[in-house]
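Engineer: Residue-level listing of the chains:
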Amino acid sequence: MDLKNTPLSNIHKELGAKMAPFGGFLMPIQYQGIIAEHDWTRNSSSLFDICHMGEFIIQGDYLRSGFDRIVTINLKGMPIQSCRYGFMLNPNGGVIDDLIVYRVEQEEWMVVVNAATVDKDEENIKKHLDWDSHFKNISSNIAKLDLQGPLSLDVLKSIIGETITKLCYYTFDDFMIEGEEYLISRTGYTGELGYEIYAAASHAQSLWNMFLKDKRVKPAGLGSRDILRLEMGYPLYGHELNEEITPLEANLMRFVEMDKDFIGRDALLKQKKRGASKVLVALAANSRRSPREGFKIFSGDKEIGYISSGSFSPSLGSGIALGYINPEYNKIGSEVLINSENIQIEAKIVKRPIYTQGTYNKEVAHGFS
Amino acid sequence: MDLVEGLLYTKEHEWAKIEGNKAKIGITDYAQETLGDITFIELPKVGGKIEQFKPFSSVESVKAASDIYGPLSGDIVEVNESLNSQPELLNSSPYTDGWVVIIDIKDEGEKDNLMDIESYKNYLKEIAH
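Taken in order, these protein sequences are the chains called A and B. Counting in this note's numbering, the first sequence runs from 7 upward without gaps. Counting in this note's numbering, the second sequence runs from 32 upward without gaps.
Please keep in mind that the hints were generated in silico from the structure rather than gathered at the bench. Computed from a predicted model, the values in this text were never measured in an experiment. Careful, some of the hints might be misleading.
Unchecked claim - Some chain A residues judged to face chain B by a derived CB distance under 10 Å, without partners named: (1) I35; (2) G100; (3) D272; (4) F318; (5) N348.
Stated by the list, open to error - Straight-line C-alpha distance at most 20 Å; calculated DMTMM-like pairs for lysine to aspartate or glutamate: (6) A/K337 with A/E309; (7) B/K85 with A/E347; (8) A/K19 with B/E64; (9) A/K284 with A/E341; (10) A/K24 with B/E139; (11) A/K82 with A/D267; (12) B/K80 with B/D106; (13) B/K80 with B/E43; (14) B/K48 with B/E149; (15) A/K24 with B/D60; (16) A/K24 with A/D8; (17) B/K85 with B/E141; (18) A/K126 with A/D265; (19) A/K24 with B/E64; (20) A/K10 with A/E20.
What the hints assert, rightly or not - Far from chain A by the CB rule (all over 12 Å, computed), these chain B residues: (21) V35; (22) G51; (23) N52; (24) I69; (25) I72; (26) K76; (27) G78; (28) K85; (29) A95; (30) E141; (31) K142; (32) D143; (33) M146; (34) L155; (35) K156; (36) H160.
Backbone N, C-alpha and C fix where the C-beta goes; we use that ideal spot for every residue, glycine too.
Using the sequences plus the hints, can you model the full thing?
Structural biologist: The following block contains the structure:
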């Protein structure tokens, strides 16, 4: 399959980025180095090209359109200009995709989905939407830039002004930058105070270059983004989530509104009653060794699960991982062994987030900095 | 890409610096650049043996794990223990502070299987295409 480019591909090459395929796109993995970019995001502000992700617009009443049955989110309770994380499930409760829904108007929704799943997501939504609604896939016209890190607010303030401070965690609005209007939400995938900026694809380059003029901002690639999200214990579709895994198993039921009707609900109820056969846990290694996807997890001699994502954590100075284990062994502080052929890593089950100093939900008082 | 005059190189991107009957061994600038940020190295022990073109150590970067191969056979007489706590030395100074082991060379003849700086330069050009 041919790889797609984002509107910023040429800029990445000029910046000397290492590129690799991700979700059908050729994406920047790193610029000056994954650890340096990780550290910069935790301490200053990093700019990520996230144009590969998909965006849909749905118009219609939340209930009559059929949209409410498609996602696990409590759409009814969402204020306009708020966004929510949740799932689209198959009838077995398996995750078709994890996504964020933006309530743009009373009867207009923007849905942000993973790049690799755009086609099947579109198919699933269209299949279940009623006649009384409109669906549009705007992915190829929309650029998405993520500005993430504790100084991101100050950076945006110097461009947009004090008005940006009104955005609380998981809210959004339109803002003017150099005469153009952009949708900006206070959301992100790094665990730091940050923003996601949606722009017409044709404006992506000028927006990118404008941000990089600020010395507090440096470009960061998907390599550091993966470590940042792993330190927060955030799932990545295709690793922690897929169509065979339910939100109950992924320990993400707080993003599922059980008091409404949605596809997969019956299966989740059944699984809840019977008990899940595996559950997602976070692990911290006792050494600098990185657990990797597919490594097996043992308690003593007994195999109890597998690693779904793993890496070195620059924040902790040790290996960290997410993995699925038999729920009987799910106890914070329990010691496990992570094994692969000739590698053996001692680790402990730890609370999520693994990294606890993140500024993502920091309160930002209007008028103060 | 940094290369150092006087060293001998392998196709797996290790270097050996010959000093009398001893050889200091490490990975090349190309190797560290390709691996990216190195976060862990599994070091062998003093007294152990390494064999030419056989793995004797492994390194992990944030992206992947990779073996280090012996440029020459011999007995390990010294190990760079500072890499345990500072594996990033392999990135920042692969030819100096980031050396891995020193060995007593077992067979001088094995040097003929290694590349000098010119051959290694050409080899890098070849694999770049």
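Engineer: Indicate, hint by hint, whether the structure satisfies it.
Structural biologist: Right, here's what the structure says about each hint:
Hint status for A/I35: holds, given a least beta-carbon distance of 8 Å to chain B, under 10 Å. Because the beta carbon of A/G100 sits about 30 Å from the nearest beta carbon in chain B, more than 10 Å, this interface hint is broken. Taking 10 Å as the C-beta contact cut-off toward chain B, the hint placing A/D272 at the interface is violated, the least distance being around 42 Å. Interface restraint check: A/F318 against chain B, minimum CB-CB distance 4 Å, threshold 10 Å, status holds.
Given the 10 Å rule on beta carbons, the hint for A/N348 holds: about 9 Å separates it from the nearest Cβ of chain B. With a C-alpha separation of about 16 Å, the suggested pairing of A/K337 with A/E309 holds against the 20 Å cut-off. The hinted pair formed by B/K85 and A/E347 meets the criterion: a straight-line CA distance of about 18 Å does not exceed 20 Å. With a C-alpha separation of about 17 Å, the suggested pair A/K19 and B/E64 falls inside the 20 Å cut-off, and the hint holds.
This hinted pair checks out: A/K284 and A/E341 have alpha carbons roughly 17 Å apart, not beyond 20 Å. Between A/K24 and B/E139, the direct Cα distance comes to roughly 40 Å. Violation of the 20 Å bound is thereby established for this hinted pair. A distance of roughly 12 Å separates the Cα atoms of A/K82 and A/D267; the hinted pair therefore holds under the 20 Å criterion. Pair hint B/K80 plus B/D106 holds up; C-alpha atoms about 5 Å apart against a cutoff of 20 Å.
Distance restraint check for B/K80 and B/E43: the Cα-Cα separation of roughly 19 Å lies within the 20 Å cut-off, and the hinted pair is therefore satisfied. Under the criterion of a C-alpha separation no larger than 20 Å, the hint pairing B/K48 with B/E149 is consistent with the structure, at around 15 Å. Only pairs whose Cα atoms come within 20 Å are accepted, and A/K24 paired with B/D60 is accepted, the gap being roughly 17 Å. Proposed proximity of A/K24 and A/D8 is supported: the alpha carbons are some 18 Å apart, at most 20 Å.
Restraint check for B/K85 and B/E141: satisfied, since their Cα atoms lie roughly 13 Å apart, inside the 20 Å limit. Only pairs whose Cα atoms come within 20 Å are accepted, and A/K126 paired with A/D265 is rejected, the gap being roughly 26 Å. Distance check on the hinted pair: A/K24 and B/E64 sit about 11 Å apart at the alpha-carbon level, within 20 Å; holds. Proximity of A/K10 to A/E20 is assessed by CA-CA distance (about 18 Å); at most 20 Å being required, the pair is judged to hold.
Its beta-carbon lying about 22 Å from the closest one in chain A, B/V35 satisfies the requirement of being farther than 12 Å from that chain. A cut-off of 12 Å between C-beta atoms confirms that B/G51 is not in contact with chain A; the least separation is 34 Å. With 12 Å as the threshold on Cβ separation, the claim that B/N52 sits away from chain A holds: the shortest Cβ distance comes to roughly 31 Å. The beta carbon of B/I69 sits about 9 Å from the closest Cβ of chain A, which is not more than 12 Å, so the claim that it is off the interface is violated.
Distance to chain A contradicts B/I72 as a non-interface residue, since its nearest Cβ pair spans about 9 Å, not more than 12 Å. Even its closest Cβ contact with chain A, about 16 Å, leaves B/K76 beyond 12 Å, as expected for a residue assigned away from the interface. No Cβ of chain A approaches the Cβ of B/G78 within 12 Å, the least distance being about 20 Å, so the stated non-interface status holds. Taking the minimum C-beta to C-beta distance to chain A, about 14 Å, the non-interface status of B/K85 holds against the 12 Å cut.
For B/A95, the non-interface assignment is contradicted: its Cβ lies about 9 Å from the closest Cβ of chain A, within the 12 Å cut-off. Distance check on B/E141: its Cβ is at least 26 Å (rounded) from any Cβ of chain A, clearing the 12 Å threshold; non-interface status holds. The claim that B/K142 lies off the interface holds: its Cβ sits roughly 30 Å from the closest Cβ of chain A, which is beyond the 12 Å cut-off. With a closest Cβ-Cβ approach of about 32 Å to chain A, B/D143 is found to remain outside the 12 Å limit, as its non-interface label requires.
Annotated as non-interface, B/M146 keeps its C-beta farther than 12 Å from every C-beta of chain A; the closest such distance is 26 Å. Distance to chain A confirms B/L155 as a non-interface residue, since its nearest Cβ pair spans about 17 Å, more than 12 Å. Against chain A, the non-interface label of B/K156 holds: every CB pair exceeds 12 Å, the least being about 20 Å. Against the 12 Å criterion, B/H160 stays outside the reach of chain A, whose nearest CB is about 18 Å from its own CB.
When held up to the earlier numbered hints, the structure conflicts with 2, 3, 10, 18, 24, 25 and 29 and fits the remainder.
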